[in-house]
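*Asks:* Construct the complete structure from the given sequences, taking the supplied hints into account.
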Amino acid sequence: MVQYSIEELHRLFSSGELNPQDYYDELFEEVELQQKRLNAFVTITKDKTYQDLKNADFKDLLNGIPYVLKDNYNTKGIKTTASSRMLEDYVPIYNAHVVDLLTKKGVCLVGKASMDELAMGGTNKSALTGPVYNPWDHTRIAGGSSGGSAALVGSGVVPFALGSDTGDSIRKPAGFCGVVGLKPTWGRISRYGVIPYASSLDTVGAFTRNVRDMAIVTETLAGRDDRDMTSSDKPVPHYLENLTDDIKNLKIAVLTSVSDEMRNPQIKENFAYVVQTLKDLGATVENVRMPTEIMRTLLPTYTIIANSEATSNHSCLDGIKYGNRQAGTTTDDVMINSRTNGFGDHIKRRFILGNLALATENQERMFRKAQRVRRIIVGELNKIYENYDIILTPNGGSVAPRVDEASDDRLSDEYLILENHLCLANFAGTPSLSLPSGFVDGMPIAVNLMGRLFEEQTVFNCAYALENALGLKNQYSREG
Amino acid sequence: MNETEMMLKQLGRKTMFDVSDEEMPALIEEYDVFMSHVKALEAIDTTGVEPLAFPYEIETTFLREDELTYTIHREEALQNAKSVQDNQIKVPKVVG
Amino acid sequence: MNFEQVIGLEVHCELKTHSKMFSAAPVTFGEEPNTMINEVDMGMTGTMPALNKRGVEFAIRVCHALHMEIDELLCFDRKNYYYSDLPKGFQITQDKRPIGRNGYLDIEVEGEKTRVEIERLHMEEDTAKQFHFDDYSLIDYNRAGIPLIEIVTKPNIRSGAQAAAYLEKLRQIFLYTDVSDAKMEEGSMRCDVNISIRPFGSDKYGIRTEIKNLNSISNVQKAIEFEALRQEKILIQGGEVLQETRRFDEDSKETVMMRAKGDAVDYKYYTEPNILPIRLDHQWVLDIEKNLPMLADEREQVYIEKHGLPKTDAHILVSSKDISDFYEETIQTSQEYKLICNWLLGEVQAYLNKAGLTIRETKLTPLYLGKMITFIQDGTISSKQAKKVFECLMAEGKDPEVIIEEKGMKQISDPQALQMIINEVLDANEQSIQDFAAGKDRAVGFLVGQIMKKTGGQANPKVTNQILIQLLKERTK
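Protein chains in written order, with the numbering used here: chain A, 1 to 480; chain B, 1001 to 1096; chain C, 2001 to 2477.
For the record, the hints were derived by calculation from the structure and aren't laboratory data.
Backbone N, C-alpha and C define an ideal beta-carbon position, used for all residues, glycine too.
Treat the hints with caution; some may be incorrect.
Unchecked claim - Straight-line C-alpha distance at most 25 Å; calculated DSS-like pairs for lysine-lysine: (1) B:1014 to C:2016; (2) C:2321 to B:1093; (3) A:279 to A:234; (4) B:1093 to C:2261; (5) C:2079 to B:1009; (6) C:2129 to B:1014.
What the hints assert, rightly or not - If you want the ones that stay clear, here's a sample from chain B, every Cβ over 10 Å from chain C, calculated: (7) 1005; (8) 1006; (9) 1025; (10) 1069.
*Replies:* Below is the structure:
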């Protein structure tokens, strides 16, 4: 089975060169194979796919195109678990806004993808259905929290998938799986109907295998939705139409506070090559720094804010109206037993600590302190944007770790800064795109491009130019 | 059980969880990391800096018109509930 | 020792908007359980709030009526706690920046005027309704998300009577601004009381208790009176009042302990991350004030100053918005203010009391009442006849004109017709004319009697009198 991009598939379907039925039959053979290898699906919606296909006319770019949703998108009538026992057999009664948007376009849903439980993790090891494996090497993780979506695009099963990103949950797995991942501007895409993690950081975004496809999907998802009061009514540009790889006028800042922490020589070399390539393309590329003591606060700030908001956001999961319910003699007991049984241990710990930081007696010292530091961090970042269109960083310091690998030294700057810097874009709400930049030991690595608020177009253009220059697009792996 | 463990167990109850003895060591470990984060932030001078609750601060103007209403079917509303009686969700007697 | 009561009230009021505060589900009362909801009201994970414009407008109306400063930048917070009637596990409310601040309401108790200072007014959402049975409870989400405003006074109420007067007046404001039906017994208006006592002259606050579950204004007063006495007894015996939450037991008329301070829930308020600050259109806020319906006090003043009603009547008239509204509509038909007022407070009120109905539940309409008043005024019917017309009006709901026609009750008020009849009577009673000339007043009475006899009592007494005197004078010139 040949794996096509959205644009290719559209051309082949609409011209009649490719028989959609045959294509989908083949696709589901591949789905079965890859599911055995990667464990990336929570639910495969084969019946619905063929039903969607029946209505397809292939006129619009996305019409008849297969895709996958992270399992935290509410889908009416289709089980939505967020990879948590709490929602193991929860069947939503409504669609997320973007699901409605895509349905209107005539896309074909192939399934719901595995994720870290409630999106709270970076490995996808905490999913109720077990770890998701990396398409390039199944002894390694796909990353998280949107691991299933990343793996299914990276294995060429579908040309695009949706994920959600609170700290780096799209961009980290995108880098590990060798695909393009975008966290758009906070407010660019409606979050209505997406099971939240931390609302002030959460964004909805996509995985694709090239930048043009990302422009197509993002353009479809973006725009105002009155049900999400934080969604912007700024007009949505025609990202694809406006796409250009002429970046001569672009000013790019290399955030050396991050890149200096790289230890892996091959990744360093790759990053240097990317910087040179951008210069060769005519962009102005200069080094900038943010104060190291501020960079060291990224993870603490993130941990405190994200856990606090998460514990509040998930208070609705109490076993009363829906979700896992365990017996108890009082209503409090029902809630306690349901929640104790329904959530994984690490989720419980994070909720408890989030509650600690929100408690009135601690809030000033913990949660509000983190919010104040957030303002300082965002202020520093915005200083850079005064002079630069794009901030460039390595996506991370390593290739995807092995499934059984111990976690990094959590207090080193390499871990604190390099591995956790992507949440900068969540703090500031700015668009951030991870783009494959090469391979190390046969595993994909990536760089990250962060733009100004609502300037997705600039990010796309820069990524497009780089993608073309690097010659890295549409790669996928079905073995290993 | 030491003071921190007691505090965390109580906090667990307030978060509607029963923290078992087996879970306690991992919780303590994560609590220590969490408190080191708190400490790390204390090192930053935030005098005169207001908390930032959103990625960016803009004023919006939209208010939903109080016109169209939208309801779901009762069957749908209750379909995910584990205990239903007389079209309502049933729980053990609530006191207080 | 003499003690002074220090009382603060927290009042919740459900707003009668079409849809809920943050969801588009309809606001209704008494519908089938769980039919007036959508995914937002059920706290389905992933849902988000969308603020109701009319909910804000209603809050602003009440702010204006209470002379409050309005914060034109709306900010919302989350109040976090776990409870079975709270679908999201938090309530969206305004903690840090209430829409209204620093208002007041003037009240009067036994002729003594007091100003109750109001600290804040904020918007929030209601919880689901729970029905409790012997060994289980059932939850209906229809009420979940209904807009609420909460109004908190400063602790400057000093007696149960003042509290009752404040609540009565506040209730009137809810009714006159048309934002709520404000029924305490049905829960669309709720009141919690904070009360402490201190020796007169002291400027320190004593330990206070909170009283909940008060379902009528008179119970608020009773609860305060009981609780003040209870605290007084404790202090006199050298004891200490405990900070706790109590409820009012209707049967024993006593306050009973619900929970101690130590059990208080930490609400962990923080900024609602799904609602960015909302800047209200300044002109819109001004327009709401400009278009604010006339409140009870203003109406009372108009009734006294412009309509010439006695103060007590005007006061009684506005004490029921139903009756006052009826009056307002009736005066579109007839400007006999005093007569209308007398009828509303007299015959109509008596009828309502007897029938146990509200005025809108009867067959009486402002138009028909106005017409009847006009017929009385222009002499078409006598006030005695009017009572009969009124009876028919209430029983059949017919136009008074039709009733008068059907019953043949029409007075003869046409001067020409009367003149003919009177001349006939005078022709037949020469003796009476002479008696009149001799200054014997009872002759007139006798003649009127004769005229009434001849007309079957339908001669308009006033007109008859005028013409009779005039004719008598002519004949005795």
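*Asks:* None of the hints should be skipped; say for each whether it holds.
*Replies:* To see whether the hints hold, each was checked on the structure:
no. : hint             : result
1   : B:1014 to C:2016 : violated (35 Å)
2   : C:2321 to B:1093 : violated (40 Å)
3   : A:279 to A:234   : violated (32 Å)
4   : B:1093 to C:2261 : holds (23 Å)
5   : C:2079 to B:1009 : holds (22 Å)
6   : C:2129 to B:1014 : holds (23 Å)
7   : 1005             : holds (20 Å)
8   : 1006             : holds (16 Å)
9   : 1025             : holds (26 Å)
10  : 1069             : violated (4 Å)
In summary, the numbered hints that this structure violates are 1, 2, 3, 10.
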